[in-house]
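Number of protein chains: 4
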Amino acid sequence: MKSIGVGLIGSGFMGKCHAIAWSGVKPVFGDVPAPRLVQLADVNADLARQKAEEFGFSSSTADWRDLLRNDEIDIISITSPNEFHAEMAIAAMEAGKHVWCEKPMAPSEADAELMLEAARKSGRVALLGYNYIQNPAIRFIRKFLEDGAIGTPYQTRIEMDEDFMADPDTPFFWKHARTSGYGALDDFAVHPLSLIRTLFGGISEVFCAMGKPYADRRTGDGSRRAVETYDFATMLMRLENGMQGTIEVNRSAWGRKGRIFLQIFGSKGMIVYDQERMNEVEVYQATGPANEQGFKKVLMSPHHPPYEKFVPAPGHQLGFNDLKIIECRELLKLVNGEPANAITFEDGLQIEKTIHAAARAFEAGHWKKVD
Amino acid sequence: MKSIGVGLIGSGFMGKCHAIAWSGVKPVFGDVPAPRLVQLADVNADLARQKAEEFGFSSSTADWRDLLRNDEIDIISITSPNEFHAEMAIAAMEAGKHVWCEKPMAPSEADAELMLEAARKSGRVALLGYNYIQNPAIRFIRKFLEDGAIGTPYQTRIEMDEDFMADPDTPFFWKHARTSGYGALDDFAVHPLSLIRTLFGGISEVFCAMGKPYADRRTGDGSRRAVETYDFATMLMRLENGMQGTIEVNRSAWGRKGRIFLQIFGSKGMIVYDQERMNEVEVYQATGPANEQGFKKVLMSPHHPPYEKFVPAPGHQLGFNDLKIIECRELLKLVNGEPANAITFEDGLQIEKTIHAAARAFEAGHWKKVD
Amino acid sequence: MKSIGVGLIGSGFMGKCHAIAWSGVKPVFGDVPAPRLVQLADVNADLARQKAEEFGFSSSTADWRDLLRNDEIDIISITSPNEFHAEMAIAAMEAGKHVWCEKPMAPSEADAELMLEAARKSGRVALLGYNYIQNPAIRFIRKFLEDGAIGTPYQTRIEMDEDFMADPDTPFFWKHARTSGYGALDDFAVHPLSLIRTLFGGISEVFCAMGKPYADRRTGDGSRRAVETYDFATMLMRLENGMQGTIEVNRSAWGRKGRIFLQIFGSKGMIVYDQERMNEVEVYQATGPANEQGFKKVLMSPHHPPYEKFVPAPGHQLGFNDLKIIECRELLKLVNGEPANAITFEDGLQIEKTIHAAARAFEAGHWKKVD
Amino acid sequence: MKSIGVGLIGSGFMGKCHAIAWSGVKPVFGDVPAPRLVQLADVNADLARQKAEEFGFSSSTADWRDLLRNDEIDIISITSPNEFHAEMAIAAMEAGKHVWCEKPMAPSEADAELMLEAARKSGRVALLGYNYIQNPAIRFIRKFLEDGAIGTPYQTRIEMDEDFMADPDTPFFWKHARTSGYGALDDFAVHPLSLIRTLFGGISEVFCAMGKPYADRRTGDGSRRAVETYDFATMLMRLENGMQGTIEVNRSAWGRKGRIFLQIFGSKGMIVYDQERMNEVEVYQATGPANEQGFKKVLMSPHHPPYEKFVPAPGHQLGFNDLKIIECRELLKLVNGEPANAITFEDGLQIEKTIHAAARAFEAGHWKKVD
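Protein chains in written order, with our numbering: chain A, 50 to 420; chain B, 50 to 420; chain C, 50 to 420; chain D, 50 to 420.
It should be emphasised that the hints constitute simulated quantities derived from the structure, not laboratory data. Keep in mind that this is a model prediction, so the values were computed, not measured. A hint or two may mislead.
The list makes no distinction among identical chains, and a pair is therefore deemed to hold if it is satisfied within one copy or across any two copies.
To be verified - As a list, the in silico DMTMM-like pairs of lysine to aspartate or glutamate whose alpha-carbon atoms are at most 20 Å apart: (1) Lys382 / Glu103; (2) Lys192 / Glu341; (3) Lys152 / Glu162; (4) Lys382 / Glu395; (5) Lys51 / Asp196; (6) Lys192 / Asp80; (7) Lys346 / Glu329; (8) Lys224 / Glu277; (9) Lys317 / Glu158; (10) Lys261 / Glu289; (11) Lys402 / Asp80; (12) Lys51 / Asp95; (13) Lys418 / Asp396; (14) Lys317 / Glu132; (15) Lys51 / Glu102; (16) Lys402 / Asp160; (17) Lys346 / Glu162; (18) Lys152 / Glu387; (19) Lys402 / Asp265.
All chains should be modelled from the sequences, with the hints used to inform the complete structure.
Encoded structure:
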């Protein structure tokens with residue numbers, strides 16, 4: 050494949066992130082087909098035109114279905130609001146396009162299942178944008194685990210905390226309504242679950258507690274409206290491999306900006322990682338003289354692929370957007386029929402089933418199986 | 050009160066810790082009665098004699114009941130194995146002695162209740178050795194919370210991890226037998242619970258998961274024996290004040306040496322503390338310009354009582370033993386009829402009831418009330 | 050200006066870094082002319098061809114002078130070895146091209162002066178690749194200083210340490226020969242000096258000590274050759290604004306990968322920054338209650354321009370390559386006649402004069418003026 | 050020796066610190082003679098009486114010479130202001146007492162020499178209170194160096210910063226007058242020099258820069274007086290073993306409370322230590338797979354003598370006062386004729402000679418030999 054045609058739906062946070070990835074993947078990795086940025090779709094035609102110019106797309110449209118009809122386009126990046134993912138992804142695959150869809154798949158389990166079905170039927174690549182698994186640090190952790198460097202892992206704890214909903218004076222908005230989902234559970238926990246899936250595999254049973262920091266919020270008319278979603282949640286897990294785990298998520302955690310704090314407990318050591326310092330991994334190995342043991346802070350370097358594609362010097366650090374460039378490179382592997390490090394629709398559906406099982410466990414007050 | 054007579058039962062880890070506290074409390078605090086170190090009891094008469102000389106006690110005995118009969122003794126430090134706490138503490142209080150008893154109260158809830166009853170009947174001081182609450186850092190956190198500095202706290206997470214049972218090759222010993230208790234749940238979680246009690250008050254409901262990193266261990270005769278206790282546990286909590294909380298404990302956590310990691314989430318900020326860096330508190334307050342907000346690392350100083358009693362210069366740090374000196378000072382306040390920062394038998398019983406409720410929740414797989 | 054033609058000389062570490070910047074600057078910043086990647090020059094014609102394809106340049110050449118003759122090219126990125134900077138930059142400017150030249154300017158002070166002269170004469174933009182000053186964190190520090198947030202700064206200490214020359218078993222190579230320069234002094238200290246220039250302005254006097262960790266190294270023929278350069282150096286400075294400063298540099302510092310540790314001491318507070326955690330700034334302000342003061346760790350966020358151009362969420366982190374994208378954006382400002390945050394040839398010459406004065410101070414054993 | 054009689058001169062910060070050490074050394078170490086606290090001297094007779102009661106001394110006096118005449122006293126702790134050290138220490142040794150004198154020895158080099166002479170003539174133990182070298186962490190570092198764990202050390206940098214003189218609004222007091230010494234140079238740098246002496250031995254040559262953050266300060270009568278001492282200083286060193294070094298000291302460094310930041314660069318690794326986290330040592334060793342190398346944070350534990358004398362569990366932490374208890378134990382070794390880890394008057398004089406040479410180098414603007 051000499052080049053590959055790209056369409057993009059959406060031009061917000063994630064739309065721009067995809068655009069940057071599409072611009073960077075070739076100069077960074079070199080050995081990939083050159084992406085041709087064909088068309089950008091945004092409901093706002095003016096915005097679509099402006100962003101197409103900025104992001105380097107040749108044309109723009111207010112109708113995303115135009116991308117389906119465009120023969121120049123091989124892959125469609127879907128970065129629209131979650132509620133549109135199912136319709137767009139399914140239509141794209143039916144039109145023969147590969148799909149790079151932002152997470153989560155869809156608000157409803159049924160829609161997610163339809164998406165997977167469409168992917169299977171079409172035979173097209175269907176990748177979800179779980180970019181945190183692309184960090185060289187996470188790959189290093191996986192390799193480190195596979196090598197048995199901390200023996201047999203038996204427990205993991207992951208916390209994901211941010212503070213964009215922490216201010217009690219922020220008025221009620223759509224994320225506070227039940228229609229947006231459960232709250233932090235589906236908004237955040239999917240990320241830790243993508244890490245667990247990448248590192249350890251499937252989850253068989255879950256328990257869940259959730260909470261609301263603020264019972265109600267003011268509305269535009271000055272009245273107060275009850276908050277319907279849960280800004281924090283704790284999920285307990287039994288994994289298929291016998292491990293146990295805890296996920297804590299909180300989107301009202303003042304001071305936390307992008308914390309995903311991961312601890313893995315093993316029979317011979319321990320691993321610690323924090324997304325807020327995404328270029329570092331801490332490892333403890335119970336080897337060597339007792340008075341010299343300690344947590345070792347490993348800075349990411351060219352020895353941690355694919356870091357070396359970005360910078361040939363150690364400790365110089367990748368950023369958030371670089372993870373999307375790596376994800377894009379994995380996508381291109383899949384398109385080329387190669388194995389890749391990826392959360393496909395198949396994996397994604399398992400993640401969403403876990404979320405829904407947790408919500409049922411919360412209601413029931415006891416453990417629920419993930420089916 | 051010009052001086053106070055002290056008896057000590059036990060001369061191991063905690064016995065020595067009490068002895069150091071008794072030696073230090075007067076030079077450090079000044080305004081307390083001078084302790085007279087009267088008698089030390091240890092089942093091993095030779096050891097008792099040697100340790101009495103080292104710790105500065107005037108006499109020794111192999112029979113702890115000698116202390117009850119000694120009129121010179123006002124307070125008895127009980128640092129024997131947990132299974133003897135009830136018998137000794139009750140006898141001491143019946144003999145009119147004040148009691149400074151190491152935690153936890155007793156393996157059985159019934160015994161703990163008898164201890165509290167004896168304390169009430171005798172009118173003597175009955176203090177438990179929950180030294181972590183004595184840290185100036187914890188007092189600062191409590192004051193900070195009371196001042197509303199992080200608004201209304203709504204969630205807390207506490208992790209307590211050490212690695213003294215992490216080695217799978219360590220042979221089976223008494224802590225692996227069911228007779229020693231549940232495992233990390235009662236061995237460790239009592240410490241986080243003492244912090245919660247000090248900072249937030251009572252707990253109404255709990256859920257619990259537990260796990261065993263290693264199913265069995267070798268015994269002296271080369272065979273393998275099933276491990277009966279759980280080295281790690283997760284406890285979910287609903288507090289009486291409406292907060293929710295999680296406690297994670299693990300005594301097989303390679304690399305963790307004395308970690309008690311505390312996070313408190315509030316409506317206006319956040320507090321973070323780690324016992325492995327016991328002279329630091331991190332606070333985030335959602336005030337001031339957005340581009341200048343961040344977690345502030347406050348080093349303990351003479352502005353954080355009673356740090357100033359130890360060192361008049363900031364950032365010079367207290368150590369583990371210093372916490373026991375502070376606890377001793379609080380004990381002397383209680384003896385003198387003053388209010389004190391303390392976990393009394395009354396508080397201690399609530400902590401143990403919480404543990405037992407958690408164990409029942411684990412068995413049942415759903416929430417249990419703490420009665 | 051609707052678009053701008055770009056030529057690139059060199060395709061190694063910095064060549065690729067420039068290429069990534071040229072690809073990213075438009076999607077990231079939006080409001081800049083779209084760069085047209087016209088031609089890439091590398092002495093190795095095959096490599097030039099391959100890299101042109103990977104980096105997205107339309108054509109390639111083995112003769113860098115082809116770029117001078119190419120009317121499509123407005124700006125030339127110069128990333129060749131230092132010894133060629135003067136010749137190439139001067140020729141480029143004489144040919145009417147703007148120049149984006151990697152640091153340092155040239156091994157000899159005389160050449161650097163010629164470069165500045167050519168820049169002045171041509172009226173072209175002449176920017177040096179001191180990318181560390183482009184970090185939003187450094188801009189935040191500068192603004193913070195300007196606002197008087199730490200009062201009057203009176204001292205600064207900067208350490209820059211890496212370990213790529215730390216291994217005593219690495220054979221003698223060109224960086225060990227005197228012809229390459231003084232050693233860490235010119236190789237590294239220029240970076241801290243670029244920060245000092247950006248934050249505080251000029252330097253009037255310097256003192257210097259230097260050292261060699263290893264006296265000699267093995268050569269290809271098995272013999273040993275004396276090392277002629279100094280892998281570590283300490284420079285003391287008196288600044289024009291009355292401040293004093295210390296720069297420590299070491300390119301044999303095992304474990305340091307990209308450390309640039311900056312401390313600024315002021316009359317009302319302090320600032321600390323470490324390039325190995327380039328998305329964080331620590332600030333101490335002597336305000337508020339004494340028991341709540343501490344170093345505050347500020348995570349870079351959309352409140353720290355131009356971070357928001359990369360990610361709209363705080364704490365998500367930029368990487369090393371992103372700094373070059375920002376530098377590229379500043380270059381485009383200069384080309385457009387706008388003020389910019391930049392180390393021009395004028396600034397660069399002062400940096401190099403400081404280095405040479407330090408080398409003379411080292412020889413003399415006493416302070417030397419920077420003329 | 051069954052017990053040892055102790056006299057104490059002074060009852061301030063260091064007087065109390067000695068008293069706590071004398072109370073703690075026996076219960077902590079066990080195998081030492083029991084100290085008898087005989088007499089406390091303080092110019093203020095009432096204060097002497099009160100502090101004797103608090104610290105557990107049997108008697109008190111306003112005349113320190115009473116201690117010389119007291120046959121019960123074997124060792125005298127001297128914690129009076131520096132200007133009295135020489136007179137008191139010399140008199141004490143002439144009276145046959147061992148001396149435990151706080152650092153530094155004396156403001157003048159001549160007096161320090163007389164003190165050493167008196168120590169030699171008397172044959173008594175003469176120990177200086179350089180407590181930071183007693184930290185188990187520093188012993189671990191020394192052992193680690195001796196074992197060659199980081200190869201051959203070739204450079205060290207030590208920073209010592211506090212902020213007790215940082216406030217520009219503090220009125221002029223005695224530490225701002227030239228009569229108090231040079232400033233941070235003699236007030237602080239002696240501590241880093243004690244570490245260097247313990248870890249690496251003697252210093253042959255020094256260079257020095259000094260500075261004043263604030264030119265003048267207000268006085269009691271509202272006028273302003275020029276500050277005569279230098280609150281910050283940088284000392285460059287050439288060590289007798291061929292190493293080079295830098296010491297930075299600042300007693301006006303806002304936010305630093307007890308920072309002594311030590312970096313040691315070796316041919317096979319690196320060591321980092323910060324007194325503000327005195328229970329941790331960071332080590333980097335250039336061994337093992339490249340992708341697993343990193344700085345390892347070693348928490349002090351019973352494997353780091355004499356930590357185990359204080360707590361049998363790792364990571365539980367010693368405090369500032371515990372270092373003085375260790376120092377007291379080393380003193381008792383010396384009294385008993387055993388080798389000890391100590392800064393004697395002999396070592397102390399070398400430290401002070403280094404300080405005075407640095408002051409001369411500052412005046413001269415070039416390197417000065419330490420004679």
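Consistency of the hints with the structure:
{"no.": "1", "hint": "Lys382 / Glu103", "in the structure": "between (27 Å within a copy, 17 Å between copies)"}
{"no.": "2", "hint": "Lys192 / Glu341", "in the structure": "between (24 Å within a copy, 11 Å between copies)"}
{"no.": "3", "hint": "Lys152 / Glu162", "in the structure": "within (14 Å within a copy, 53 Å between copies)"}
{"no.": "4", "hint": "Lys382 / Glu395", "in the structure": "within (17 Å within a copy, 47 Å between copies)"}
{"no.": "5", "hint": "Lys51 / Asp196", "in the structure": "neither (37 Å within a copy, 53 Å between copies)"}
{"no.": "6", "hint": "Lys192 / Asp80", "in the structure": "neither (24 Å within a copy, 42 Å between copies)"}
{"no.": "7", "hint": "Lys346 / Glu329", "in the structure": "both (6 Å within a copy, 14 Å between copies)"}
{"no.": "8", "hint": "Lys224 / Glu277", "in the structure": "within (9 Å within a copy, 46 Å between copies)"}
{"no.": "9", "hint": "Lys317 / Glu158", "in the structure": "neither (39 Å within a copy, 35 Å between copies)"}
{"no.": "10", "hint": "Lys261 / Glu289", "in the structure": "between (31 Å within a copy, 16 Å between copies)"}
{"no.": "11", "hint": "Lys402 / Asp80", "in the structure": "neither (37 Å within a copy, 43 Å between copies)"}
{"no.": "12", "hint": "Lys51 / Asp95", "in the structure": "between (32 Å within a copy, 19 Å between copies)"}
{"no.": "13", "hint": "Lys418 / Asp396", "in the structure": "within (17 Å within a copy, 38 Å between copies)"}
{"no.": "14", "hint": "Lys317 / Glu132", "in the structure": "neither (44 Å within a copy, 32 Å between copies)"}
{"no.": "15", "hint": "Lys51 / Glu102", "in the structure": "between (24 Å within a copy, 11 Å between copies)"}
{"no.": "16", "hint": "Lys402 / Asp160", "in the structure": "within (12 Å within a copy, 46 Å between copies)"}
{"no.": "17", "hint": "Lys346 / Glu162", "in the structure": "neither (41 Å within a copy, 44 Å between copies)"}
{"no.": "18", "hint": "Lys152 / Glu387", "in the structure": "neither (22 Å within a copy, 41 Å between copies)"}
{"no.": "19", "hint": "Lys402 / Asp265", "in the structure": "neither (29 Å within a copy, 34 Å between copies)"}
Hints 5, 6, 9, 11, 14, 17, 18 and 19 from the list above are not met by this structure, while the remaining hints are.
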